[in-house]
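Participant: First to last, the sequence lines map onto chains A and S. Heads up: the first sequence runs through residues 1 to 229, numbered per the working numbering. Heads up: the second sequence runs through residues 1001 to 1123, numbered per the working numbering.
Treat the hints with care, since some could be wrong.
Which residues of chain S face chain A? A partial, calculated answer using Cβ under 10 Å [what the hints assert, rightly or not]:
| hint | residue |
| --- | --- |
| 1 | 1034 |
| 2 | 1035 |
| 3 | 1043 |
| 4 | 1065 |
| 5 | 1072 |
| 6 | 1104 |
| 7 | 1119 |
| 8 | 1122 |
Simulated crosslink set (BS3-like; lysine-lysine; CA at most 30 Å straight-line) [as the list claims (entries may be wrong)]:
| hint | chain 1 | residue 1 | chain 2 | residue 2 |
| --- | --- | --- | --- | --- |
| 9 | S | 1087 | A | 99 |
| 10 | S | 1025 | A | 82 |
| 11 | A | 177 | A | 113 |
| 12 | S | 1037 | A | 99 |
| 13 | A | 137 | A | 157 |
| 14 | A | 157 | A | 24 |
| 15 | S | 1086 | A | 99 |
By construction, these hints were calculated from the structure, which means they are not laboratory data. Here the structure is a predicted model, which is why all the values come from computation and not from measurement. Just so it is clear, CB atoms sit at the ideal spot from N, CA and C, and this is done for glycine as well.
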Amino acid sequence: MKLKAIIVDDEPIARSFLERYCQKQGSIEVMGSFPDSESALNYLTCNEIDILFLDVEMPGDTGFVLLDKLQYMPKVVLTTSKTDYAFDAFQYHVTDYLKKPIPYNRFEDSINKITESFKNTTVETNTEDIFIKTDGKFIRLSYQDILYIESMGDYVKYFTLAKHFLTHSTLKAVEEKMNPRQFLKVHRSFIVNMSKIIDIQDNTIVIDNKVIPISKALKSDVMGRINAM
Amino acid sequence: MEDNCLKFDSRLDVEFLQSIYEDDKEHALIVFNQFLKMAPTQMEEIEQNYSSGTVELFRQKIHKIKPVFSFVGLTELTNRAEILEKKCKEVSHIFEVNDLYTEFKSYYRTSYPIIENEVTRLT
């Protein structure tokens, strides 16, 4: 499956270069190219992506301001013609920092690194359980034990009755790994185990005393999946 | 560099151009044409900001065009733009960058026809 990316850069030639590189590299689907932070934010409010190629100095909000406004954090690759932003990049936990003009082999290295990080986050074993990487080791979690999964920026947290486990991933990556018959995304930040739902009221689900919001867009999916009378 | 890489005018940064385009002539033509279309407008905006004396806006425009020169093999112009951009951070009056800016413009004017020739040759 291809990783979804967007490009944010006010320089058209720089955008076209990244589009071409993504096309050539083959594992990335460019969902959109935006000339400023505002238009990118509009897209990201309604759509989830895996990789954000982001310039820093642009008219209007800078790339860092865009990162401040995001409700979740995809893998961020800064693309700028300055090296002065290295410290900020570190503080924002950006995945890579590419100095423009970007040679193709440097771009390819960056994408390989990102692709590997997605692969390494969860290792699927069979249809009954998964291994998740947390605290430097892989832990087996039975699907039956997972109550719900919550997105927390660059991380997701798996909740079971006894414990919770934090792992570096995105909800999108988790969604692709989980058994779709058992798990359902109900909100930008939540995937729930359908068999653990205690009740549904208005736009919320209760699982083990936790009230989980249902997004308006996903409400019909939720209602379509329960055996309601 | 591999033999199947595109050939470019020796006055350009051939090694870098081959590293970004390899054998992709179509892409090179798209970018070179984009450059011919956009660079004069961007240079005009830079000139306007210079004339109005707003150092920071002038610096931002220089910063923005800086990598564009490298995309067409004009690495020397990128380097000159970088020096100019850094100088802008040190000065309070636009006239203090006058010499650097004059050299930069002159280099741009002599480089532009090279790109025009390359587009004709590659087409």
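Participant: So, residue 1119(S) near chain A? Judge it on the closest CB pair being under 10 Å.
Facilitator: Hint on residue 1119(S): violated, closest Cβ of chain A at ~14 Å, above 10 Å.
Participant: Please check whether residue 1065(S) passes as an interface residue: C-beta within 10 Å of a C-beta belonging to chain A.
Facilitator: It holds, given that the least Cβ distance between residue 1065(S) and chain A is near 8 Å, below 10 Å.
Participant: Check the hint pairing residue 177(A) with residue 113(A) against an upper bound of 30 Å on the C-alpha distance.
Facilitator: Holds: residue 177(A) and residue 113(A) sit about 20 Å apart, inside 30 Å.
Participant: Would you mind confirming whether the straight-line C-alpha gap from residue 137(A) to residue 157(A) stays at or under 30 Å?
Facilitator: holds, 15 Å
Participant: Given the hinted pair residue 1037(S) and residue 99(A), is their alpha-carbon gap at most 30 Å?
Facilitator: holds, 24 Å
Participant: Identify whether the interface hint at residue 1043(S) stands, where standing means a beta carbon of chain A within less than 10 Å of its own.
Facilitator: violated, 14 Å
Participant: Classify the hint on residue 1104(S) as holds or violated, based on whether any CB of chain A lies nearer than 10 Å to its CB.
Facilitator: violated, 16 Å
Participant: Interface hint check: residue 1035(S), Cβ to nearest Cβ on chain A, cutoff 10 Å. Holds or violated?
Facilitator: holds, 7 Å
Participant: Is the interface hint for residue 1122(S) satisfied, with its Cβ closer than 10 Å to some Cβ of chain A?
Facilitator: Interface hint status for residue 1122(S): violated (16 Å vs cutoff 10 Å).
Participant: Holds or violated: residue 157(A) and residue 24(A), Cα atoms, limit 30 Å.
Facilitator: violated, 35 Å
Participant: Measure nothing beyond the straight line between the CA atoms of residue 1087(S) and residue 99(A); if it is 30 Å or shorter, mark the hint as holding.
Facilitator: holds, 20 Å
Participant: How about residue 1072(S): closest beta carbon in chain A under 10 Å, or not?
Facilitator: Where the cut-off is 10 Å and the nearest Cβ of chain A is about 9 Å from residue 1072(S), the hint holds.
Of the numbered hints listed earlier, those contradicted by the structure are 3, 6, 7, 8, 14.
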